[in-house]
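> Could you slot chain U onto chain S? The hints should help.
What follows is the residue order along each chain.
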Amino acid sequence: MIRSEILKEIAPILRDQLVVCNIGIPSQELHAIDDQPSNFYMLGTMGLASSIGFGLALVQPKPVIVIDGDGSILTNMGTLPTIANNVTDNYILMIIDNGSYGSTGDQPTYAGRKTSLAAVAEACGCENVIECRDVDTGPVLQKALDSGKMHILVVKCDSGNAKMPVITMDPVVIRDRFMKAVQA
Amino acid sequence: MQPALCMCTAARDPVYLYCYTILYPGFVIPCSFAHQLKGMSEMSIDKRIVDDLVANDISFVTTVPCKQLAGVIEEVDIRDEIFHIPSNKEDEGMGLCAGAWMGGKRPAIIMQNTAIGVTINTLATLTQYYRMPLPMLISYRGELREPVACQVEMAIHTKALLAQMNIPTYHFHKQSDVEELDMILKYTFMCNKPVAILTDANFWGGYGDQ
Numbered sequence: 001m002i003r004s005e006i007l008k009e010i011a012p013i014l015r016d017q018l019v020v021c022n023i024g025i026p027s028q029e030l031h032a033i034d035d036q037p038s039n040f041y042m043l044g045t046m047g048l049a050s051s052i053g054f055g056l057a058l059v060q061p062k063p064v065i066v067i068d069g070d071g072s073i074l075t076n077m078g079t080l081p082t083i084a085n086n087v088t089d090n091y092i093l094m095i096i097d098n099g100s101y102g103s104t105g106d107q108p109t110y111a112g113r114k115t116s117l118a119a120v121a122e123a124c125g126c127e128n129v130i131e132c133r134d135v136d137t138g139p140v141l142q143k144a145l146d147s148g149k150m151h152i153l154v155v156k157c158d159s160g161n162a163k164m165p166v167i168t169m170d171p172v173v174i175r176d177r178f179m180k181a182v183q184a
Numbered sequence: 185m186q187p188a189l190c191m192c193t194a195a196r197d198p199v200y201l202y203c204y205t206i207l208y209p210g211f212v213i214p215c216s217f218a219h220q221l222k223g224m225s226e227m228s229i230d231k232r233i234v235d236d237l238v239a240n241d242i243s244f245v246t247t248v249p250c251k252q253l254a255g256v257i258e259e260v261d262i263r264d265e266i267f268h269i270p271s272n273k274e275d276e277g278m279g280l281c282a283g284a285w286m287g288g289k290r291p292a293i294i295m296q297n298t299a300i301g302v303t304i305n306t307l308a309t310l311t312q313y314y315r316m317p318l319p320m321l322i323s324y325r326g327e328l329r330e331p332v333a334c335q336v337e338m339a340i341h342t343k344a345l346l347a348q349m350n351i352p353t354y355h356f357h358k359q360s361d362v363e364e365l366d367m368i369l370k371y372t373f374m375c376n377k378p379v380a381i382l383t384d385a386n387f388w389g390g391y392g393d394q
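Residue numbers (the numbering used here), protein chains in the order written: chain S, 1 to 184; chain U, 185 to 394.
Source of the hints: derived by calculation from the structure; they are not laboratory data. Don't take each hint at face value.
Restricting the straight-line Cα-Cα distance to at most 30 Å, the calculated cross-link-like pairs of lysine-lysine (DSBU-like) are [to be verified]:
1. Lys358(U) <-> Lys377(U)
2. Lys251(U) <-> Lys343(U)
3. Lys180(S) <-> Lys114(S)
4. Lys377(U) <-> Lys251(U)
5. Lys180(S) <-> Lys251(U)
6. Lys343(U) <-> Lys358(U)
7. Lys62(S) <-> Lys370(U)
8. Lys114(S) <-> Lys143(S)
9. Lys343(U) <-> Lys377(U)
10. Lys358(U) <-> Lys370(U)
11. Lys180(S) <-> Lys343(U)
12. Lys62(S) <-> Lys377(U)
Only chain S is shown next, with the shape it has when bound in the complex:
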């Protein structure tokens, strides 16, 4: 499965949750598949989805799901020790690990070669680190949500992108409706 197929499958789970989605094609895919005010789309700033979602999870009680990528985690690797050492059980970091920088033309990442992000997360001190296959994403994500424990999910899947339109919504509109969804 490629990322867009996974997003289609887990859309019913994501719909009722606060979601912070990674820059580029992942946000375009989620926006096209099931746009929700409770989705925060990153339009720039590669690497910070995990940090934005973590800041949000730390200050309010609703569950927060971050849809991140292997390339973005590699860009902001310092995020994992911060997450590990400040546990908040309403936080789920789901790393869609397709071993490539999808938005820039599927150049390979080191996560697709020798580097295991699950092993890195564990070495950083993260608990409840689960590496799973693309086809198992839905049940694994639902179980993580139901557990009420902070989780790091590494979803191994195929490289590839769906052709989706660019998000043209104004960033302040994205942010404003998201903040209203947080407060709702």
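Showing chain U alone in chain S's frame:
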């Protein structure tokens, strides 16, 4: 070398007026009495700064270590009103602050001016693009009384970069400049912009025993 008067912060502490301790070059701990006073003096400015953060309802603070800001960071850490989360890099910290603000808390970041070089993209495409407030309490290394030459290399770009980014910028050079902090914080959350507060070595009373 001739002995010199101690230049520790106590010399400028209004309570103690002047430190009369003589420094002898090569002495490992030349000024223990004055250092005690210096500690008290720095405590008051650190406490003053954090009092202003708390008074402005800032309850989420991320920090990257700095020797000049060490006292403020320590004060932030002990306050019950503030959740303190150290960052590994300043752009990561700005991401945390963005999330905290969207979650309903007022954030702040404490960092060095070298971080302006690290965070230009984050400031433009996250903090400014989504129109979010972010007070940045910045140690202005490389200014007057700086002992490390390399620090000057970013200092000379700091204000130019902030100006290019249209970031409102305030420069604390004398300790009395801290009186503007409360107004600067109110201004930041009024206009929803990142705002820089540069605090130089003279403001902190010099580097003391560094």
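> Next step is simple, just say for each hint if it's right about the structure.
Hints and how they fare:
Distance hint between Lys358(U) and Lys377(U) is fulfilled; the C-alpha atoms sit about 25 Å from each other, no more than 30 Å. Annotation: proposed proximity of Lys251(U) to Lys343(U) holds, straight-line Cα distance about 21 Å (limit 30 Å). Restraint check for Lys180(S) and Lys114(S): the C-alpha separation of about 42 Å exceeds 30 Å, so the hint is violated. Of the pairs offered as hints, the one joining Lys377(U) and Lys251(U) holds, with about 27 Å between alpha carbons and a cut-off of 30 Å not exceeded.
For the given pair, Lys180(S) sits about 40 Å from Lys251(U) by alpha-carbon distance, which is inconsistent with the 30 Å threshold. For the hint linking Lys343(U) to Lys358(U), the alpha-carbon distance of about 18 Å falls within 30 Å, and the restraint holds. Only pairs whose Cα atoms come within 30 Å are accepted, and Lys62(S) paired with Lys370(U) is accepted, the gap being roughly 29 Å. Proximity of Lys114(S) to Lys143(S) is assessed by CA-CA distance (about 29 Å); at most 30 Å being required, the pair is judged to hold.
Distance check on the hinted pair: Lys343(U) and Lys377(U) sit about 17 Å apart at the alpha-carbon level, within 30 Å; holds. Using a Cα cut-off of 30 Å, the hinted pair Lys358(U) and Lys370(U) holds, with the two alpha carbons roughly 21 Å apart. About 36 Å separates the Cα atoms of Lys180(S) and Lys343(U), which puts this hinted pair outside 30 Å; it is violated. With a C-alpha separation of about 26 Å, the suggested pair Lys62(S) and Lys377(U) falls inside the 30 Å cut-off, and the hint holds.
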